[in-house]
Amino acid sequence: MSSLLEIKDLRIRFQSKNRLQALLDGDSDPFIDAVCSASLKLNSGETLALVGESGAGKTTLGRAIIGLNQPQEGSIRFQGQELTRLPDRAFKAFRRNIAMMFQDPVGSLSPRLRVRSLITEPFKIHKIQVKDLEAEAERLLNLVGLPPSFATVYAHQLSGGQARRIGVARALALSPKLIIADEPTAGLDVSVQGEILNLMNRLQEETGVSFLIITHNLNVVRHISHRMAIMYLGRFVEYGLTDDIFAQPLHPYTLALLSANPSPDPDQPKSELQLEGEIPSLLKRPTGCEFHPRCPFVRPDCSRITPVTSSPRAGHSLACHYPLLKD
Amino acid sequence: MSDLSIAQAAPRESAFKRSLFRLLKDPLGCFGLFLVLIILAIALLAPWIIPYDPSAIDVLSRLEPPSMSHLLGTDQLGRDVFSRVLMGSRIALKVAMTTISLALSLGLILGLIAGYGPKWLDKVIILIFDTFRSFPTIMFALALVTIFGPSLNTVILVIILTTFPVYGRIARTQTQGMRHNEFILAEKAMGANMFRVLSVHIFPNIIGPLLIVASMDIPVVITIEAGLSFLGVGVPPPTPSWGSILHNGYSFIRNTPWLVISGGFPLILTTLGFTFLGESLRDIFDPKLQKDI
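Protein sequences appear in the order of chains A and B.
Heads up, the first sequence is in the working numbering, so the first residue is 1 and it goes up one at a time.
Heads up, the second sequence is in the working numbering, so the first residue is 1 and it goes up one at a time.
A few of these clues could be false.
[To be verified] The calculated lysine-lysine pairs, modelled on DSS-like cross-linking and capped at a C-alpha distance of 27 angstroms, are: (1) A:Lys124 / A:Lys177; (2) B:Lys119 / B:Lys188; (3) B:Lys188 / A:Lys8; (4) A:Lys17 / B:Lys188; (5) B:Lys123 / A:Lys17; (6) A:Lys177 / B:Lys188; (7) B:Lys188 / A:Lys41; (8) A:Lys124 / B:Lys188; (9) A:Lys41 / A:Lys177; (10) A:Lys131 / B:Lys188; (11) A:Lys92 / B:Lys119; (12) A:Lys17 / B:Lys119; (13) A:Lys177 / A:Lys8; (14) A:Lys127 / A:Lys177; (15) B:Lys188 / A:Lys92; (16) A:Lys127 / B:Lys188.
Don't read these hints as lab results, they were simulated from the structure.
Let's have the full structure, built from the sequences with the hints guiding it.
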């Protein structure tokens with residue numbers, strides 16, 4: 001399988017204070033790394049999930065792919081073409097093939113436009129001549145399972161689930177190769193979450209679109225993704241096939257995340273593993289392995305030596321000195 | 001997914017109808033609307049309903065008190081004050097409409113650019129706004145009149161230059177509050193350029209509050225024009241304006257008070273009318289004040 005999206009050693013930094021303040025404080029490097037040496041591969045027709053706590057850099061990474069954040073280092077390749085440092089005009093061509101769904105289903109729809117205009121907006125932006133925009137809108141509504149009567153409704157009249165479907169329809173408008181979905185199930189109740197995920201699965205089967213899903217909901221990940229990447233403080237701590245990771249998490253953080261996920265079975269023994277403390281500030285990264293202050297399996301050298309990414313098995317990478325390998 | 005259609009919102013009556021209904025329920029708003037409609041009708045029909053030529057001088061019948069032949073008396077040159085008051089409404093509304101629409105457009109465009117563009121451009125535009133805001137209106141008017149000479153256009157220019165920063169600031173603040181909304185990010189992610197984002201997505205969302213501020217500024221503008229005319233730097237004679245009628249009457253206020261009264265009264269009514277209407281509109285469109293939805 002050819003890889004559709006390939007990210008290598010991506011680093012995205014934000015200025016944490018202005019230059020004058022940094023000079024006064026004697027701070028020679030007034031930046032924080034929101035995403036740090038992230039690498040991943042996404043194949044055509046596959047779904048990759050980015051998982052992590054709030055502030056782990058998932059959204060920043062997703063936005064960088066579509067050019068809303070400028071990475072400082074590393075490369076993003078889409079169908080073999082480098083996207084970083086591409087001028088706006090050249091980037092616009094790629095925006096046909098990459099679509100993004102934002103976190104807030106209603107908030108990401110322009111409030112003064114009717115649904116018909118909202119979902120045909122991509123055609124107008126890219127000046128694509130369509131014979132009948134109304135028929136096109138109907139086709140897109142049909143694709144996401146909404147009746148054509150929705151075409152004349154405004155965003156504030158939609159429920160969260162309906163607005164999310166409109167978001168999916170808009171993302172699909174130009175038949176992109178990749179859809180970045182930022183928290184596609186956030187703010188929806190469980191039955192609607194299921195509907196949206198089934199819709200995404202069905203669309204993937206029908207159109208072969210790839211999804212990059214940003215989420216902290218592990219049930220979503222298990223339901224929909226082929227591969228997953230776990231992020232902590234902007235770094236990938238573990239990356240591999242979803243089934244493998246769920247079957248045997250190798251990084252302590254992954255294990256902690258998985259055991260924090262509530263299980264529908266009340267008879268299942270409660271997991272002993274619970275993380276303590278808050279996620280550290282990006283301004284004050286811990287030394288060595290950045291997870292060591294919260295790691296339940298911490299050993300003395302974890303706070304001194306930064307772990308290198310290893311590959312315990314094919315297609316699986318890991319940044320831990322003492323992975324949880326079963327003996 | 002046929003069950004989805006059940007949840008669809010019931011068709012609503014148009015926003016315009018609803019707003020009009022709410023306006024008619026507010027007594028002050030009704031009164032304002034009534035006054036504004038009367039003034040508009042007078043201004044439109046003035047040339048056909050005036051009994052005398054407003055500039056016709058008749059020295060023999062100067063400073064006559066109100067009578068059946070001269071409803072509001074005559075001024076020191078024997079001109080019919082009633083005709084002058086009616087014609088004065090045209091000047092007042094002409095100044096108000098031209099200045100407000102031009103100042104609003106100018107402020108809106110600069111405000112959108114300042115709110116959405118790069119930081120340095122924002123700073124430059126804010127500097128322009130503050131510079132114009134910092135001139136005292138009267139001093140500024142005197143300076144411009146000295147340069148361009150007294151005329152209606154000078155008055156309009158003065159008022160535009162002193163009011164556009166207000167609109168600009170409002171537009172800028174609203175745009176800034178909106179630029180990081182997810183729907184704007186979504187547009188950018190789809191590849192929409194700045195012009196499209198501003199005109200299709202930001203403009204319709206910020207024009208409402210601006211229009212209400214504009215409707216409340218109409219009386220302010222009319223009084224500025226009257227004030228400038230009163231000081232003799234506004235509309236030059238013999239054009240009839242409320243300010244110049246006041247100015248004429250001021251010299252004879254002890255003997256012939258009807259001159260001042262007939263110049264000032266329409267000014268008061270217009271100001272009240274537009275203010276009541278504007279305040280009522282503001283309450284109607286302020287979502288926080290909406291109770292019955």
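We went through each hint and held it up to the structure:
Only pairs whose Cα atoms come within 27 angstroms are accepted, and A:Lys124 paired with A:Lys177 is accepted, the gap being roughly 19 angstroms. As the CA atoms of B:Lys119 and B:Lys188 are separated by approximately 18 angstroms, the hinted pair is consistent with the 27 angstroms bound. Restraint check: the Cα-Cα separation between B:Lys188 and A:Lys8 comes to about 24 angstroms, which is no more than 27 angstroms; the hinted pair holds. Among the hinted pairs, A:Lys17 with B:Lys188 is consistent with the structure: their alpha-carbon atoms are about 26 angstroms apart, no more than 27 angstroms.
Restraint check for B:Lys123 and A:Lys17: the C-alpha separation of about 19 angstroms stays at or below 27 angstroms, so the hint holds. Restraint check for A:Lys177 and B:Lys188: satisfied, since their Cα atoms lie roughly 18 angstroms apart, inside the 27 angstroms limit. Pair hint B:Lys188 plus A:Lys41 holds up; C-alpha atoms about 25 angstroms apart against a cutoff of 27 angstroms. Under the criterion of a C-alpha separation no larger than 27 angstroms, the hint pairing A:Lys124 with B:Lys188 is consistent with the structure, at around 13 angstroms.
At roughly 14 angstroms between alpha-carbon atoms, A:Lys41 and A:Lys177 fall within 27 angstroms of each other, so this suggested pair holds. Taken as a hint, the A:Lys131 and B:Lys188 pair is honoured in the structure, with Cα atoms around 25 angstroms apart against an allowance of 27 angstroms. Our distance criterion of 27 angstroms between C-alpha atoms is met by A:Lys92 and B:Lys119, whose separation comes to about 24 angstroms. Between A:Lys17 and B:Lys119 the alpha-carbon distance is near 16 angstroms, which keeps this suggested pair within the 27 angstroms criterion.
Between the alpha carbons of A:Lys177 and A:Lys8 the distance comes to roughly 20 angstroms, so the proposed pair stays at or under 27 angstroms and holds. Taking the CA atoms of A:Lys127 and A:Lys177, the gap is near 19 angstroms; set against the 27 angstroms cutoff, the hint holds. Taking the CA atoms of B:Lys188 and A:Lys92, the gap is about 10 angstroms. The hint holds against a cut of 27 angstroms. Annotation: proposed proximity of A:Lys127 to B:Lys188 holds, straight-line Cα distance about 15 angstroms (limit 27 angstroms).
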